[in-house]
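Kindly generate the complete structure, drawing on both the sequences and the hints.
Note that the working numbering has the sequence shown beginning at 159, numbered continuously upward.
Rather than coming from a laboratory, the hints here were simulated on the basis of the structure. Even for Gly, the Cβ is constructed at its ideal location relative to N, Cα and C.
Once the Cα atoms are required to be at most 27 Å apart in a straight line, the calculated DSSO-like pairs of lysine-lysine come out as:
no.	residue 1	residue 2
1	191	250
2	179	244
3	191	244
4	179	250
5	244	178
Simulated restraints, written as ranges between beta carbons of each label pair:
no.	residue 1	residue 2	range
6	291	255	23 to 29 Å
7	193	255	20 to 26 Å
8	281	241	29 to 35 Å
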Amino acid sequence: MRRGGSRRKTRTNPSSQNEKKRGSVWILNPLDKDFVPSDAKLSPFEIEQTQVYRPRHFTERLIAQAGYFTIHCFHQNTSSFTPIEKDLRLGKRLMEIQIEPDAFSDLRDNLERHGVSDLTMFPDLEGVGRYITWNNSLLRDEIDPPNILLNQGK
159 MRRGGSRRKT RTNPSSQNEK KRGSVWILNP LDKDFVPSDA KLSPFEIEQT
209 QVYRPRHFTE RLIAQAGYFT IHCFHQNTSS FTPIEKDLRL GKRLMEIQIE
259 PDAFSDLRDN LERHGVSDLT MFPDLEGVGR YITWNNSLLR DEIDPPNILL
309 NQGK
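Structure below.
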């Protein structure tokens with residue numbers, strides 16, 4: 159069951175597919191003009207259009223994730239924000255990649271093999287705990303073919 163060292167090939171648990179919806183990865187490809195200027199001293203409540211912000215103060219998580227944020231203009235008249243996919247300016251530079259539920263398990267495994275995991279993306283105690291749990295147990299959409307007894311009831 160352990161994932162380290164000699165890797166096991168996980169397969170999707172067919173009974174879990176009915177419970178799952180597609181996943182999405184959103185990719186924003188901003189232009190220089192889409193960024194909040196680094197010397198800007200304005201409040202996020204004063205912006206008039208959605209902008210991309212790179213914080214100056216970094217935590218370990220932001221460094222590991224190369225963290226950027228979008229700051230959305232608040233529309234007083236509707237008390238709402240425009241979702242980025244509906245933003246007339248940034249929406250054109252946004253791409254969605256949909257992931258089928260039966261690909262989740264293999265995708266997690268492949269990402270981990272390439273150094274992307276809770277351990278690397280969340281380099282703190284919470285990330286370590288989630289990585290240890292993932293590395294030593296099966297998620298709902300995984301089955302471990304060599305361990306038939308563990309798979310019963312899934």
